[in-house]
Amino acid sequence: MDLDALYQEIILDHYRSPHHAGLREPFESEVHHVNPTCGDEVTLRVHLAADGTVEDVSYAAEGCSISQASASVMTDLVIGRPLDAALETHAAFLELMQGKGQVVPDEDVLEDGIAFAGVAKFPARVKCALLSWMAFKDAALQAQGEPS
Amino acid sequence: MDLDALYQEIILDHYRSPHHAGLREPFESEVHHVNPTCGDEVTLRVHLAADGTVEDVSYAAEGCSISQASASVMTDLVIGRPLDAALETHAAFLELMQGKGQVVPDEDVLEDGIAFAGVAKFPARVKCALLSWMAFKDAALQAQGEPS
Amino acid sequence: MDGLLSDLEVIRKDFPILGRTVANDLPLVYLDSANTSQKPQVVIDAMVDHLENHNANIARAMHTLGAESTEAFEAARDKVAAFLNAPSRDEVIFTKNATEALNLVARTFPLGPGDRVVITEMEHHSNIVPWQLACERSGASLSWFGLTDDGQLDLSNIDSLLVPGVKVVALTWVSNMLGTINPVAEIARRAHEIGAVVVLDASQAAPQLPVDVQAVGADFVAFTGHKVVGPTGIGVLWGRTEALDALPPFLGGGEMIATVSMEKSTWAPIPHKFEAGTPPIVEAVGLGAAVEYLSHVGLDRIHAHEQAITRYLLDGLASVGGVSVLGPLDASLRGGAVSFELAGVHPHDVAQLLDSRGIAVRAGHHCAKPAHKRFGVQSTTRASSYLYTTPAEIDALIDGLEYTKSYFKVS
Amino acid sequence: MDGLLSDLEVIRKDFPILGRTVANDLPLVYLDSANTSQKPQVVIDAMVDHLENHNANIARAMHTLGAESTEAFEAARDKVAAFLNAPSRDEVIFTKNATEALNLVARTFPLGPGDRVVITEMEHHSNIVPWQLACERSGASLSWFGLTDDGQLDLSNIDSLLVPGVKVVALTWVSNMLGTINPVAEIARRAHEIGAVVVLDASQAAPQLPVDVQAVGADFVAFTGHKVVGPTGIGVLWGRTEALDALPPFLGGGEMIATVSMEKSTWAPIPHKFEAGTPPIVEAVGLGAAVEYLSHVGLDRIHAHEQAITRYLLDGLASVGGVSVLGPLDASLRGGAVSFELAGVHPHDVAQLLDSRGIAVRAGHHCAKPAHKRFGVQSTTRASSYLYTTPAEIDALIDGLEYTKSYFKVS
Ligand SMILES: Cc1ncc(COP(=O)(O)O)c(C=O)c1O
Ligand SMILES: Cc1ncc(COP(=O)(O)O)c(C=O)c1O
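Residue numbers (the numbering used here), protein chains in the order written: chain A, 1 to 148; chain B, 1001 to 1148; chain C, 2001 to 2411; chain D, 3001 to 3411.
I should point out that these hints are in silico values taken from the structure, not numbers from a laboratory. Idealized CB from N, CA, C, for every residue including glycine. Among the hints, erroneous ones may be present.
As the list claims (entries may be wrong) - One-sided and incomplete, this derived list gives chain B residues near chain D with beta-carbon spacing under 10 Å:
#1 C1038
#2 V1103
#3 D1106
To be verified - In silico DSS-like pairs for lysine-lysine, Cα to Cα no more than 27 Å straight-line:
#4 K121(A) with K100(A)
#5 K1137(B) with K1100(B)
#6 K3409(D) with K2264(C)
#7 K3409(D) with K127(A)
#8 K127(A) with K137(A)
#9 K1121(B) with K1137(B)
#10 K127(A) with K100(A)
#11 K2409(C) with K1127(B)
#12 K1100(B) with K1127(B)
#13 K2409(C) with K1121(B)
#14 K121(A) with K3409(D)
#15 K1121(B) with K1100(B)
#16 K3373(D) with K127(A)
#17 K2264(C) with K1127(B)
#18 K2264(C) with K127(A)
#19 K3264(D) with K1127(B)
#20 K1137(B) with K1127(B)
#21 K121(A) with K137(A)
#22 K100(A) with K137(A)
#23 K2373(C) with K3409(D)
Stated by the list, open to error - Listed next, the stretches of chain D that the computed footprint assigns to chain A, with coverage defined by at least 3 CB atoms under 8 Å from CB atoms of chain A:
#24 3230–3238
#25 3345–3355
Chain A extracted, bound-state conformation (with noise of 0.2 Å):
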């Protein structure tokens, strides 16, 4: 089992210093989603501006390195972007993770997240890696008026 393969310097490195930590206003929608196996938890607010475009993303959450430095990449990868772009990141953030470890992730899509490529290989730290993303989809379609 190659642990270095697991705790790549990046993930380490967000762990140590999340990006858009913290919970700020003004938001739309706030979720708090929880990993029922370990207790992790994140809450999690959405603030869209009216042209769809995700405007912020802050959060607070308490958990293992991989679940802190999977929601630090995600805010970094869809700040500032058009929820629809944000959520086929969010896509393609998912498949990589479901892969077993077989699937190839595009550095040009998921950018810093293609650290958590070695994640897909521990089944049992998927969970830790999606819990944030898992939020902001939701979050995000909340803040949209879709039914989440």
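Go by the hints and put chains B, C and D with the ligands onto chain A.
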């Protein structure tokens, strides 16, 4: 497995011509017992004399050769005897049946009942042999006014 | 004989117990598969491998063994989903047996005074008693389809039975006593017209027919592991996602929660919502191997084999004077469980005599007392075949019945 | 080391999985036994022998295999009765796990508005959620014993908690998170004074302490097979005869009935009243072998071993900077599950690092969220030992923690 040890001639004789069969009056108590596994049933009445003698035991039974023969033998052994003595015979028969084939029956006490010694080696049939005896004890104690 | 499995002798070798002798060295003739099926080596080996090499608790454990065990357990869910042609793996709930699966629905489905539940007179007790208890608790009322003289569902009064107000129609796909295969897709269609949910007891169907939950159109389908060459201790409740989502939880405890505080708890999504506590892990591994084994042989081929054997059995029984069979006499209308009476000999005694010749059948009411009552009998003898049953075993049964008659001197 | 099992190396040989390697050929160091225990060969062999040679359904079958299977199943009940020192074998009910056993009581015990149920803040979710659901259904109210800072039950307000109106007091004998051994006999005595029934969750006690249901004076005691070196898929509810007789049935179906008609059914006596459907037969056989194995080693010796290992573990943890242990620090007050925090590293990451060195521990809330909340933590790492745990394995854990600290650069 020794079939003839189970189906002793005495048992088959009682099965073909059961003694004291049918429901009669008078009676102080009537019970209905079922073997839940196979559905065999017996309705049984007890008539006690004022001095505690078992005046009559009458029954309608539906069941296999072992359960029918056992009812017939039981009535032979208890009718006309003091209730205490009848319950002692009940205890002796119960001991024989639960003895897994290790208990040597006393012919003076159990008479034709000793033919059931072979049944004790067939755990699945022990319940058949006990059905009417359990009904008798239940009915007799009710007739005597004790809680069953 | 048409329809017999061409590789029957090879299949028999897969089942170690079939090499056993009983009753003074006679070969075992196991004709009690509707009660429980025997287990192929591949199922036993899968369980042993799990216990010796991968045992750990699931979901909650992050270590290597935990990941292996979780993967094996969830792979079993995938295999069962494929076996049932379920649209989603999350619709497969592991229970302890079919009985728990049926009780789960009966305990949690919302019923109230004025509501009606419809069952049938040929149900196994496990699909009667839970509904009696549910009606008693809720004030709903219970009614049922009766049976025709040849052991089929009497559908003549279906219009008066399936009326608005009926919330649940629960019935068996294949009867464990009469062998009857019921027109479940048609009944499901009719039940849905009045807005009722349909609960199918597939305990006898899953072993012998291709079960396609989408094609049959039911809302819930239950079956039990030990009758599909899997172990005891595991059963399955399949339910449509919306139908399962609509039910409140059944058992409360570990793994079925989203979050717990002393004051209040919230629930995990299906399937976990209904899998409280440590699930039957090694049993799921065994069940996964079992349904894979059956699918590998082919359910269509197994069904054809069962029908061929059953036809041969019915012919054999017809040749024995004093035998009367309950249920359809046409093998193509039924599954491989055949209950019968032998005039003058009680089923216990029939079973005992057969057992002395190494032949295992069941005697009693087979947990279907109302169906027995319907036909005015208290108990029957039941011979039931499976994919490993040979015509020679049926011959042994027929010989055994003749022997029984001579032993008890009936003609 | 005082108290260690003298034949520890021989005992380890009984457990095939302990010979396994994980994570690039490192020997397995299994410190997750409070989650599930490993299985000795004798348990696996008993199950295989049953499946290969004696498999049949029980009770209902009169043939040779049926008699053998029934005898094996009922012999397991005798073994469990002896293991618990139960006054009667009929008081031993087989369930699918401890969770079902606790739900059985919570679902059937009669409660109404104004009644009270008392639990504790250190319960496993399986002894919280069923009572929350029971109170919600019935209108009864739930209260609980709090915890002291060192992880013991706070009994200071026992007089105001145990008041007339309390119908049930349900608590764990040994905490799966804090390790605390509770004064259950004393609490049972107090609960009985106010007429409450006492339900003990012995899931963590049964593996490691002599459990004597008569001495402890409870009304119901639950435990689970897979934690006492038995298989998954089986648990036990023991209850006093009168207490069990007083409960209505739980699941309805085959084997739990006296008679069934379409209109009405009546129930079999205990234990069968609570064992609807085909029970976990091969699992009971495995559990019987398991409790016999433990009794053969001796529960007193196992308890001494666990305490010696736990003392050594607590000492080891005290030597690692940044570690803080939850629960009693005195090994003689606790069982062999030790939950701790490592400053600056999340439990998931601790578990992952340890796993890379072959060491299996659990990370998370261990199905005890309220107890975690009480101590202001969201999750912990838990190392738990059993009769096969060696001091060298504890050394490996301590080394692994130092490695974890250096990997994550915390000091
Ligand atoms: C204290 C305690 N109670 C109950 C349980 C539940 O046991 P099971 O999951 O086998 O039902 C456990 C184990 O998970 C436990 O540790
Ligand atoms: C038709 C039918 N339903 C339900 C059951 C109950 O299955 P189990 O006893 O495994 O719960 C059986 C078998 O006993 C059955 O034949």
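Structure-based check of all given hints:
no.: 1; hint: C1038; in the structure: 8 Å, holds
no.: 2; hint: V1103; in the structure: 18 Å, violated
no.: 3; hint: D1106; in the structure: 27 Å, violated
no.: 4; hint: K121(A) with K100(A); in the structure: 5 Å, holds
no.: 5; hint: K1137(B) with K1100(B); in the structure: 22 Å, holds
no.: 6; hint: K3409(D) with K2264(C); in the structure: 39 Å, violated
no.: 7; hint: K3409(D) with K127(A); in the structure: 25 Å, holds
no.: 8; hint: K127(A) with K137(A); in the structure: 15 Å, holds
no.: 9; hint: K1121(B) with K1137(B); in the structure: 23 Å, holds
no.: 10; hint: K127(A) with K100(A); in the structure: 13 Å, holds
no.: 11; hint: K2409(C) with K1127(B); in the structure: 25 Å, holds
no.: 12; hint: K1100(B) with K1127(B); in the structure: 13 Å, holds
no.: 13; hint: K2409(C) with K1121(B); in the structure: 24 Å, holds
no.: 14; hint: K121(A) with K3409(D); in the structure: 24 Å, holds
no.: 15; hint: K1121(B) with K1100(B); in the structure: 5 Å, holds
no.: 16; hint: K3373(D) with K127(A); in the structure: 22 Å, holds
no.: 17; hint: K2264(C) with K1127(B); in the structure: 49 Å, violated
no.: 18; hint: K2264(C) with K127(A); in the structure: 24 Å, holds
no.: 19; hint: K3264(D) with K1127(B); in the structure: 24 Å, holds
no.: 20; hint: K1137(B) with K1127(B); in the structure: 15 Å, holds
no.: 21; hint: K121(A) with K137(A); in the structure: 23 Å, holds
no.: 22; hint: K100(A) with K137(A); in the structure: 22 Å, holds
no.: 23; hint: K2373(C) with K3409(D); in the structure: 76 Å, violated
no.: 24; hint: 3230–3238; in the structure: violated (count 0)
no.: 25; hint: 3345–3355; in the structure: holds (count 7)
Hint violations for this structure: numbers 2, 3, 6, 17, 23 and 24, all remaining hints satisfied.
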